[in-house]
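Could you build all of it, start to finish, from the sequences and the hints given here?
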Amino acid sequence: MKAVCALPSGSDLKVFIGLLAVALGLNACAPSMPVPGGTADLNQACFNSIPDMQARVLQMSPGMPEGEILANLCRKKETLTRLERREIRIALLGGENVLFSGMDTESDSQLIRSLYGYKFSYKSVNRKHGFLSPIRIRTDETGFDYTMTLIFRDGKLFEKPILSGGPVNKITSSTIFDFITPGTLVGPALP
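Under the numbering used here, the sequence shown has 150 at position 142, and the numbering climbs by one with no breaks.
Hints are computed from structural coordinates only; laboratory data are not their basis. Any given hint might turn out to be false.
Claimed, not checked - Taking lysine-lysine pairs in the DSS-like style, the calculated list, with each CA pair at most 25 Å apart, reads: (1) 131 to 168; (2) 178 to 131; (3) 164 to 84; (4) 136 to 178; (5) 178 to 127; (6) 136 to 84; (7) 127 to 164; (8) 85 to 131; (9) 168 to 85; (10) 127 to 168; (11) 127 to 84; (12) 84 to 168; (13) 127 to 85; (14) 164 to 85.
All of these numbers come straight from a predicted model, not from anything done at the bench.
Shown next as structure tokens:
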């Protein structure tokens with residue numbers, strides 16, 4: 009099969025060159041030409057603030073009923089991400105091949121089969137994009153991203169919740185060529 013590349017018509021080429029000229033002109037006026045960004049929010053209605061979330065996590069202790077824990081997080085277990093056994097072992101022991109202390113292989117296997125868990129995310133990240141040059145795009149991300157891991161056994165919290173993540177303050181830069189793939193070039197030309 010022969011790949012066919014469609015060349016832009018004269019009017020499309022003029023529009024492209026015009027837009028490129030505008031981008032170059034605006035780029036000369038500022039160190040970064042702003043472009044609309046976006047936000048990524050998860051479970052914002054569940055907590056008033058990060059300290060509120062942290063205080064609720066500190067109140068959770070092993071032995072608390074699952075229903076009470078989930079009500080405190082304003083979630084139903086059907087809306088949470090269920091953990092695999094491997095993820096539970098990594099969360100509790102720090103590795104997937106680590107055995108529980110003082111247990112033989114059979115006892116360890118029975119314990120891990122009796123455990124189940126969920127992940128719960130609390131996130132608010134704002135993104136701002138801008139052109140640093142006609143081909144380079146900069147993305148600034150600020151906010152926070154927390155993940156709470158909850159492990160249960162027989163309907164009760166097995167260990168204190170594991171809280172990971174924190175503030176987000178990240179700057180990335182890429183070129184428009186990072187977004188161009190052979191599929192974006194050849195795809196429209198194929199029947």
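Here's how the hints hold up against the structure:
1. 131 to 168: Given that 25 Å is the threshold and the Cα spacing comes to 21 Å, the pair holds.
2. 178 to 131: holds (15 Å)
3. 164 to 84: This hinted pair holds, its Cα atoms lying about 15 Å apart.
4. 136 to 178: holds (11 Å)
5. 178 to 127: Roughly 24 Å between the alpha carbons, so the hint for residue 178 and residue 127 holds.
6. 136 to 84: Status violated; Cα separation ~33 Å.
7. 127 to 164: holds (16 Å)
8. 85 to 131: holds (18 Å)
9. 168 to 85: holds (18 Å)
10. 127 to 168: holds (13 Å)
11. 127 to 84: Since the Cα atoms of residue 127 and residue 84 sit roughly 12 Å apart, the hinted pair holds (cutoff 25 Å).
12. 84 to 168: Measuring from Cα to Cα gives roughly 19 Å; hence the hint holds.
13. 127 to 85: Distance of about 10 Å is within 25 Å: holds.
14. 164 to 85: Roughly 13 Å between the alpha carbons, so the hint for residue 164 and residue 85 holds.
Hint 6 from the list above is the single one not met by this structure.
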